[in-house]
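Asks: Which chain is which? The protein sequence lines are A and B, in order. Residues in the first sequence are numbered consecutively from 1, following the UniProt record's numbering. Residues in the second sequence are numbered consecutively from 1, following the UniProt record's numbering.
These aren't lab readings, by the way, just hints derived from the structure by calculation. C-beta atoms are modelled at their ideal positions from N, C-alpha and C, and glycine is treated no differently. Any given hint could be a false lead.
[What the hints assert, rightly or not] Chain A regions said to be covered by chain B (calculated; three or more residues, Cβ under 8 Å):
#, segment
1, 353-361
2, 429-440
[To be verified] Capping the alpha-carbon separation at 27 Å, the derived lysine-lysine pairs in DSS-like fashion look like this:
#, chain 1, residue 1, chain 2, residue 2
3, A, 312, A, 288
4, B, 76, A, 3
5, A, 141, A, 240
6, A, 3, B, 112
7, A, 177, A, 240
8, A, 288, A, 240
9, A, 3, B, 116
10, B, 76, A, 16
11, A, 177, A, 141
12, B, 116, A, 11
[What the hints assert, rightly or not] Beta-carbon label-pair distances, calculated as ranges:
#, chain 1, residue 1, chain 2, residue 2, range
13, A, 415, B, 68, 40 to 50 Å
14, B, 178, A, 379, 49 to 59 Å
15, B, 175, A, 442, 24 to 34 Å
16, A, 442, B, 68, 18 to 28 Å
17, A, 423, B, 119, 33 to 43 Å
18, A, 415, B, 119, 31 to 41 Å
Chain residues, written in single-letter form:
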Amino acid sequence: MIKNYLTLALKVLRRKPFYTFVSLFGISFTLMILMLITSMGDAMFGANPPMTDVNKMVFLPQAERILQFYDTTYVVDSVRMDDGRMRYDSTANVREGGMNNSTGNLAFHFLDQTLRGLDRVASYTFYSNDGFVDAYLDGRKLTMSTCYTDADYWEVFDFDFLYGQPFTADAVAGADKVVVITEVVAREYFGEVTADVIGREIALGRERFTVAGIVARPYKDDDSINGDVFMPYTTIDNRKLQSDNISGPFNAVFKAEDKAHTAGIIDEIHFIAETYDMSGDEDYEILKLTAATATEKMAAEIMQEDDLRQAKLLLFIPLITLLTLFVALPLINLINLSVSRVYERRSEIAVRKAFGADSRSILYQFLFENMVLTVIGGLIGLALALLLIRYINANDLLGIVRLAFSARVFVYFLLLIAVFGLLSGLLPALRMSRTNVADALR
Amino acid sequence: MIELTNVSKSYRTDTIETLALQRLNLSVPDGEFLSIMGPSGCGKSTLLNIMGLIDEPSEGSVVLAGQPVTSYNGSKVARFRNEQLGFIFQSFHLINDLSVVDNVELPLLYRKMGGKERRRLALDALERVGLSNRATHFPNQLSGGQKQRVAIARAIVGRPNIILADEPTGNLDSHMGGEIMDILTRLNTDLGTTIVMVTHDERMARMTHRLVRLSDGERVS
Ligand SMILES: Nc1ncnc2c1ncn2[C@@H]1O[C@H](COP(=O)(O)OP(=O)(O)OP(=O)(O)O)[C@@H](O)[C@H]1O
Ligand SMILES: [Mg+2]
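From just these sequences and the hints, can you work out the full model?
Replies: Right, dumping it as structure tokens:
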């Protein structure tokens with residue numbers, strides 16, 4: 001029986017190459033686009049290496065120092081309520097003024113002094129990654145982004161070491177000239193990504209570093225991990241390390257023992273900022289530390305909005321709306337195609353009924369046609385998505401980030417398409433299977 | 001045995017009501033070859049559709065093989081159509097997406113039957129209407145007369161007890177028409193198939209057992 005329906009479906013689909021092509025194209029292209037969007041979303045928001053514990057992380061992207069000042073005081077006439085009576089008051093003061101502020105990353109010294117040993121923090125790292133360094137290779141200049149950090153960095157982030165090892169706390173303490181490079185740098189600079197690269201020297205700027213390890217490209221897009229070369233922070237220009245100032249080139253990431261503790265850690269950081277003694281600061285009186293979870297930080301960066309809650313709403317509401325539309329539009333298209341196909345075949349359905357088909361066989365017929373389309377379209381979509389993701393990864397179209405293909409997500413989307421395909425084919429077919437045969441055949 | 005009692009059929013459009021059949025009584029005993037004649041629009045196709053359970057009468061009762069027909073949907077009526085009835089429609093109604101032999105196989109698809117057996121019976125039926133050599137063609141590659149013969153093959157392939165034929169020779173030359181009449185007559189005499197045939201051709205009508213004339217939805221003889 002199943003074989004009958006299957007051969008029938010294949011026969012009909014072969015007879016209608018244009019319709020079949022359009023349907024397959026619709027299904028496979030929809031799948032491909034959905035897969036691309038989700039893998040990009042996954043790279044942005046997902047918990048992927050080297051940020052598998054991203055949900056436990058608290059980021060300290062920057063500090064804001066503020067000075068509020070009042071340069072004018074007005075005395076205004078006003079009416080105020082006093083003991084239930086209105087009194088004329090000519091002494092009310094209104095102060096007007098302004099605000100100076102300075103926003104930036106943090107000084108290592110400040111982090112070192114104030115943010116070690118927070119409660120519920122499993123591991124944490126300080127790093128500076130807003131610089132670049134040039135390497136010269138056969139007259140060619142390679143510009144690489146640097147990340148100066150401590151040994152705990154490799155604890156917080158689970159980089160995939162293809163070869164070699166992270167640098168140790170001892171190496172950091174000794175300010176050893178060692179470096180961890182990405183596979184991209186290894187390929188560019190050494191022409192190979194092999195164990196042979198470990199122990200070789202790379203000239204960065206005016207200094208030579210020994211390669212300690214090669215890490216795979218991340219599956220995650222975040223500025224805390226997107227360096228090309230990673231070196232002990234002790235090898236950074238000394239002036240950047242030894243400032244007594246609050247602001248400097250460093251950031252911090254704290255990994256909580258558990259996701260639930262992130263809010264507490266953020267509160268503690270805010271508390272530290274509030275109670276921080278600013279008397280040493282000549283220009284400012286108030287210190288604010290922007291501690292944020294990954295999503296808050298991401299939203300704030302994309303939306304250029306300082307209020308984190310606001311930023312999250314601003315980012316996610318349109319994003320989710322847009323995504324829904326992205327999913328809905330091709331689906332509506334498929335539904336339309338599927339519905340009109342059933343209606344087009346009203347007389348065929350009537351003929352089948354006249355010769356003894358019951359509603360169930362009519363439904364089965366359309367079910368199988370839809371299933372065949374979905375399966376073939378799904379396979380093509382799978383191939384397209386894999387090819388596209390591979391192409392993007394191979395050509396570094398998204399910078400250093402690698403896209404991952406999630407089979408689970410693919411199956412979800414395939415099911416989604418199958419469900420909509422079935423509904424859109426079966427509901428009209430159900431209606432049609434009940435129509436009066438004579439009317440349909442007139 | 002087909003028994004229609006006081007069957008009326010009316011079509012209602014916005015402005016007018018057309019009475020396609022008016023209080024019609026007709027009974028067709030098993031094994032009869034009956035012809036129906038009448039001017040265009042007098043309700044012949046409507047009558048055939050009601051006898052074939054693909055249209056509901058507005059009033060009156062239909063009894064087929066001793067069973068009063070109450071439902072026009074569902075698997076019971078479907079099985080009845082499949083096993084007892086064979087249609088030859090006035091305008092063929094072949095499925096253009098299926099090859100000739102697949103079209104002929106169609107009624108067998110709704111029976112428990114292997115693919116090989118189905119194919120054999122379909123080719124057999126095509127052979128009987130003289131179209132074996134067109135089995136793999138598609139309907140839009142056939143002439144009107146050839147389509148008509150495919151439609152006949154489809155109607156007879158399942159060996160139904162009753163064949164309802166709406167002008168089965170209307171599109172054929174007299175020679176071909178004669179052959180079709182031969183096929184139907186042989187079905188009737190050899191297998192005892194009941195045949196109800198609408199025709200405009202007096203000579204064809206004379207070859208059947210009985211002639212019923214309609215005029216304006218009423219039986220006049
Ligand atoms: N769906 C409908 N709506 C309105 N009127 C209809 C409908 N179907 C049929 N009729 C009318 O019912 C009458 C009988 O139609 P029917 O098709 O049975 O005629 P017929 O005898 O088969 O004619 P012909 O010889 O031309 O095939 C006609 O007047 C026709 O206009
Ligand atoms: Mg007619």
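Asks: The structure should be examined with respect to each hint, and the outcome stated for every one.
Replies: To see whether the hints hold, each was checked on the structure:
{"no.": "1", "hint": "353-361", "in the structure": "holds (count 9)"}
{"no.": "2", "hint": "429-440", "in the structure": "holds (count 5)"}
{"no.": "3", "hint": "A/312 / A/288", "in the structure": "holds (20 Å)"}
{"no.": "4", "hint": "B/76 / A/3", "in the structure": "holds (24 Å)"}
{"no.": "5", "hint": "A/141 / A/240", "in the structure": "holds (25 Å)"}
{"no.": "6", "hint": "A/3 / B/112", "in the structure": "holds (13 Å)"}
{"no.": "7", "hint": "A/177 / A/240", "in the structure": "holds (17 Å)"}
{"no.": "8", "hint": "A/288 / A/240", "in the structure": "holds (21 Å)"}
{"no.": "9", "hint": "A/3 / B/116", "in the structure": "holds (13 Å)"}
{"no.": "10", "hint": "B/76 / A/16", "in the structure": "violated (33 Å)"}
{"no.": "11", "hint": "A/177 / A/141", "in the structure": "holds (21 Å)"}
{"no.": "12", "hint": "B/116 / A/11", "in the structure": "holds (17 Å)"}
{"no.": "13", "hint": "A/415 / B/68: 40 to 50 Å", "in the structure": "holds (47 Å)"}
{"no.": "14", "hint": "B/178 / A/379: 49 to 59 Å", "in the structure": "holds (54 Å)"}
{"no.": "15", "hint": "B/175 / A/442: 24 to 34 Å", "in the structure": "holds (31 Å)"}
{"no.": "16", "hint": "A/442 / B/68: 18 to 28 Å", "in the structure": "holds (26 Å)"}
{"no.": "17", "hint": "A/423 / B/119: 33 to 43 Å", "in the structure": "holds (34 Å)"}
{"no.": "18", "hint": "A/415 / B/119: 31 to 41 Å", "in the structure": "holds (36 Å)"}
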